[in-house]
Each structure stands twice: as C-alpha cells, then as structure tokens.
Amino acid sequence: MPMKGRFPIRRTLQYLSQGDVIFKSSVKAMTVNYNTAGALSDGARKFVFFNIPQIQYKNPWVQIVLFRNMTPSPFVRFYLDNGEQVLVDIEDKSNKEITEHIKKILGKSKETLEKEERERKKLSHPATFGPKKYHLRECMCEIEGQVPCPAVVPLPKEMRGKYKATVKSEASV
15 MPMKGRFPIR RTLQYLSQGD VIFKSSVKAM TVNYNTAGAL SDGARKFVFF
65 NIPQIQYKNP WVQIVLFRNM TPSPFVRFYL DNGEQVLVDI EDKSNKEITE
115 HIKKILGKSK ETLEKEERER KKLSHPATFG PKKYHLRECM CEIEGQVPCP
165 AVVPLPKEMR GKYKATVKSE ASV
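Using my numbering, you'd call the opening residue of the sequence shown number 15 and step up by one each time.
For the record, the hints were derived by calculation from the structure and aren't laboratory data.
Check each hint, because a few of them may be wrong.
List of simulated lysine-lysine pairs, DSBU-like, C-alpha gap at most 35 Å [said to hold, decoys possible]: (1) K147 - K60; (2) K135 - K42; (3) K42 - K129; (4) K146 - K122; (5) K42 - K107; (6) K107 - K60; (7) K117 - K38; (8) K110 - K38; (9) K147 - K38; (10) K107 - K117; (11) K147 - K129.
Cβ-Cβ distance ranges computed for the label pairs, FRET-style [what the hints assert, rightly or not]: (12) K60 - K147: 37 to 43 Å; (13) E158 - L94: 45 to 51 Å; (14) A165 - W75: 35 to 41 Å; (15) K178 - S40: 26 to 32 Å; (16) M154 - E111: 49 to 55 Å.
Given the structure is predicted, the values throughout are model-derived calculations rather than measurements.
Here a beta-carbon is modelled for each residue, glycine too, at the ideal position from N, C-alpha and C.
Given these sequences and hints, build the entire structure.
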C-alpha cells in the first residue's frame, strides 16, 4: 500500500494495533457527533482522525457511525445490547482524555484482558486435544508413543474390556 495521503502512518498495522481501547461485549454501536470547525470540537476531530481507526481495528464487531456538523456540542453515544444508551460529552477535551474516559467507562479491564489471553493460550497448548477448530490435535493417538486409534489399528485382545470380562467369567465357572 503506498504511503500517500494525510498521515499515512494511521493505516499501518503497527499503528492500528497500538490502540488500547477494547470494548466490553455489550457494546454494539458507537456514534460520534462533532463539528469540523470551532475550538470546542478540536479534541473530537483529533479523536476521530487518530483514534477511531485504532478502535475500529481492535473492535471489529462494533458499528461506528460519524455525524459531522449536526450538533452544537460534540458527544459520543454508545448503544448496548440490552437497549441502553450511554452518552459521553467530549466538548473541550483532548483526544487522549476522550480515549481514557471511554476506556474507563466501557473498556475491558486489564484483568479481563489478561484472563482472556490466558484462556486463548490455554486452548492452543500442545498438550490439549479436541476439535481442530480449537486445538492442535484431535485425538490422543496423534501423539507419538501413544496407543494408535482403535478405528485405524485394532487393539490387542488383552486390552479390550469385552475380552477381559469373558476370560474372567470363564475362569470363575
């Protein structure tokens, strides 16, 4: 991708992944109302220009709509999955203050993010097995040194429960 346009660095993966606002799963949509002129909307304009791309990258399930020049004072409105709306006034705030405020109100906490990361790592651990969608191996027999799958290679008679039960019943008779 050519590095053209205003601040092309905003479109790089490194810049997009630096965003630290990850919304809770209850946030479904976000609207930003701001003006393209005026000192009161300066922080809102910078927030839209620099931080919205990062938020979109980190929260692909959240719909983001921008409304320009439709309101006298800038604000952000969040729509939650239970029908509730959260209104945040961003008038006369810098883009960093807006980001921190939104992160504090509707962002996931560090503990939650760490817990989700541990869960993700736990599923990809080489010792676990299950469906290929979630694990590296489907069956224990795929690990070297283990007994092969009975579906592929039949088990020896001594290892079968039915054979053991018949031997035991014959011995007791």
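Verification of the supplied hints:
Pair hint K147 plus K60 does not hold up; C-alpha atoms about 40 Å apart against a cutoff of 35 Å. A distance of roughly 26 Å separates the Cα atoms of K135 and K42; the hinted pair therefore holds under the 35 Å criterion. Only pairs whose Cα atoms come within 35 Å are accepted, and K42 paired with K129 is accepted, the gap being roughly 22 Å. Restraint check for K146 and K122: the C-alpha separation of about 29 Å stays at or below 35 Å, so the hint holds.
A threshold of 35 Å between alpha carbons decides the hint, and for K42 with K107 the separation of about 24 Å falls inside it, so the pair holds. Taken as a hint, the K107 and K60 pair is honoured in the structure, with Cα atoms around 10 Å apart against an allowance of 35 Å. Distance check on the hinted pair: K117 and K38 sit about 10 Å apart at the alpha-carbon level, within 35 Å; holds. Of the supplied pair hints, the one linking K110 and K38 holds, its CA atoms being roughly 20 Å apart against a limit of 35 Å.
In summary, the hint linking K147 to K38 is supported, as the alpha carbons are separated by about 24 Å, within the 35 Å threshold. Between K107 and K117, the direct Cα distance comes to roughly 15 Å. Compliance with the 35 Å bound is thereby established for this hinted pair. Distance check on the hinted pair: K147 and K129 sit about 21 Å apart at the alpha-carbon level, within 35 Å; holds. Checked against the given bound of 37 to 43 Å, the beta carbons of K60 and K147, roughly 41 Å apart, stay inside it.
Checked against the given bound of 45 to 51 Å, the beta carbons of E158 and L94, roughly 50 Å apart, stay inside it. Restraint check, A165 to W75: a C-beta distance of roughly 39 Å satisfies the suggested window 35 to 41 Å. Under the hint 26 to 32 Å, the C-beta atoms of K178 and S40, about 54 Å apart, miss the expected range. Between M154 and E111 the CB atoms are about 54 Å apart, so this pair conforms to the stated range of 49 to 55 Å.
Violated hints, listed in ascending order, are 1 and 15; each of the other numbered hints is respected by the structure.
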